[in-house]
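2 protein chains.
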Amino acid sequence: MTETTASTTRYTVAVIGGTGPQGKGLGYRFARHGHDIVLGSRAAEKAEAVAAEVSERLVGVDGAGTARGAANADAIAAADVVLLAVPYDGHDELVASLADGLAGKTVISCVNPLAFDKRGAHGRVIDDGEGSAAESAARIAPEATVVGAFHNVAAPGLWGEEEFLDEDVIVVGDSAEGKQVAIDLAASVTGRPGVDGGKLRLARVLEPFTAVLISINRKYKTHSGIRVTGLDH
Amino acid sequence: MTETTASTTRYTVAVIGGTGPQGKGLGYRFARHGHDIVLGSRAAEKAEAVAAEVSERLVGVDGAGTARGAANADAIAAADVVLLAVPYDGHDELVASLADGLAGKTVISCVNPLAFDKRGAHGRVIDDGEGSAAESAARIAPEATVVGAFHNVAAPGLWGEEEFLDEDVIVVGDSAEGKQVAIDLAASVTGRPGVDGGKLRLARVLEPFTAVLISINRKYKTHSGIRVTGLDH
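Protein sequence lines correspond, in order, to chains A and B.
The first sequence begins at 1140 in this note's numbering and counts up by one.
The second sequence begins at 1140 in this note's numbering and counts up by one.
Incorrect hints may have been included.
Same chains, same names: a pair is fine if it fits in one copy or spans any two.
Said to hold, decoys possible - Each computed DSSO-like pair below joins lysine-lysine, with the alpha-carbon atoms no more than 27 Å apart: (1) Lys1257 <-> Lys1360; (2) Lys1257 <-> Lys1185; (3) Lys1338 <-> Lys1257; (4) Lys1338 <-> Lys1358; (5) Lys1338 <-> Lys1360; (6) Lys1358 <-> Lys1257.
I should point out that these hints are in silico values taken from the structure, not numbers from a laboratory.
Generate the whole structure from the sequences, applying the supplied hints.
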């Protein structure tokens, strides 16, 4: 795979949960492909330490953006785009605490509400089956433009490899402009634009789909992903 | 893609809903690759007419199986494996009416409980988010071995083309033996075994995922499918 980036817009992305594996990995990919990232954490120092790790990997990368760390609210204030990469436990409270800052921003949720038991991974039931983490964020931060994306991209590959991942990022949302941001950013991960997968409510499917991939990973000892076939990328 | 079939077991498959596009298309693929199919319908004559159409396409195909039609209960009685390819409306009642015959058989559900409104396709909420069509079938026909598979394979390609489809069939179920049947049969459609996607409850994800593919199809004017990456097929 060639390292060309389809996106031409340079975004500043705050990564809430930026010290976790998914946030750090996605942030790294965004910065590697020319976007600026502000990793957010409850404690600024922790975010700064991880940002330093990311910055180290950007040295000498042609056209790379920048990485820095900040407390969550400061990270959001510095960005046009906010990636929510936090565990589902505590998600609603965290979004509520940041809702003022999220107003007017594009918020990309990759939050996967999963549960695990003896039978493996499965989706947690939200709002009696009529909700999802992304829809909860949209409800709690009504002045943000919330989209769902990057649910099914496994963290180990994001951080552990340099090549584009052989999979697709499916983006859902009720705002075409909001979806376009995630579609652009997906190119930093896969080398091609994200795939518009429809309305925000379909996050109810993308979020628990990760449980299927986890099951496949266990069975086949691999890191699986999804590709959408039939598209002319 | 080459027309080799990975499966060596020859199954007799009753296709309930065998006169609908999904059932007819899957039945045709199974028969084309050496399995025997009995298309089932409420009226035997209708099933026989569609079976004749399928048989016509099997003429001269090396190693093809046979296709015939029958009333649903007779189709089931003649088969080891039953494919449920019926609309979700009326699904539970139909399964209840056939439950005695299904006892002891492997039942593969490809039923997609979808709803459509102005905002597009989306999954219907079953049992407050804790159920799926496949789980309903398992509950209603407790002596059958129910697995879920073939949810995301689009009918037009099944009937309209002869080549293997460039996608994967994900199989879920609580019985390894039951899943193996669907994994084998998947090779008739994709040229490679189906992918074991975990427990039956994950049908809650595979069934509404079809709504995502329908949204993609509308947006990109295509017939999309899923491929699982990271597998060494």
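So, going through the hints one by one against the coordinates:
In the homo-oligomer, the alpha carbons of Lys1257 and Lys1360 lie at most 27 Å apart inside one protomer (18 Å), although the nearest pairing across protomers, at 42 Å, exceeds that limit. Neither within a single protomer nor between protomers do Lys1257 and Lys1185 lie at most 27 Å apart by alpha-carbon distance, with minima of 34 Å and 46 Å respectively. With identical chains, the CA atoms of Lys1338 and Lys1257 are at most 27 Å apart between copies only, with a shortest distance of 11 Å across copies and 33 Å within one. In this assembly of identical chains, Lys1338 and Lys1358 lie within 27 Å of each other by CA distance solely across copies; the values are 11 Å between and 32 Å within a copy.
Taking the shortest alpha-carbon separations for Lys1338 and Lys1360, only the inter-copy value of 17 Å comes in at or below 27 Å, while the best intra-copy value is 33 Å. Only within a single protomer do Lys1358 and Lys1257 lie at most 27 Å apart by alpha-carbon distance; the minimum there is 14 Å, versus 39 Å between protomers.
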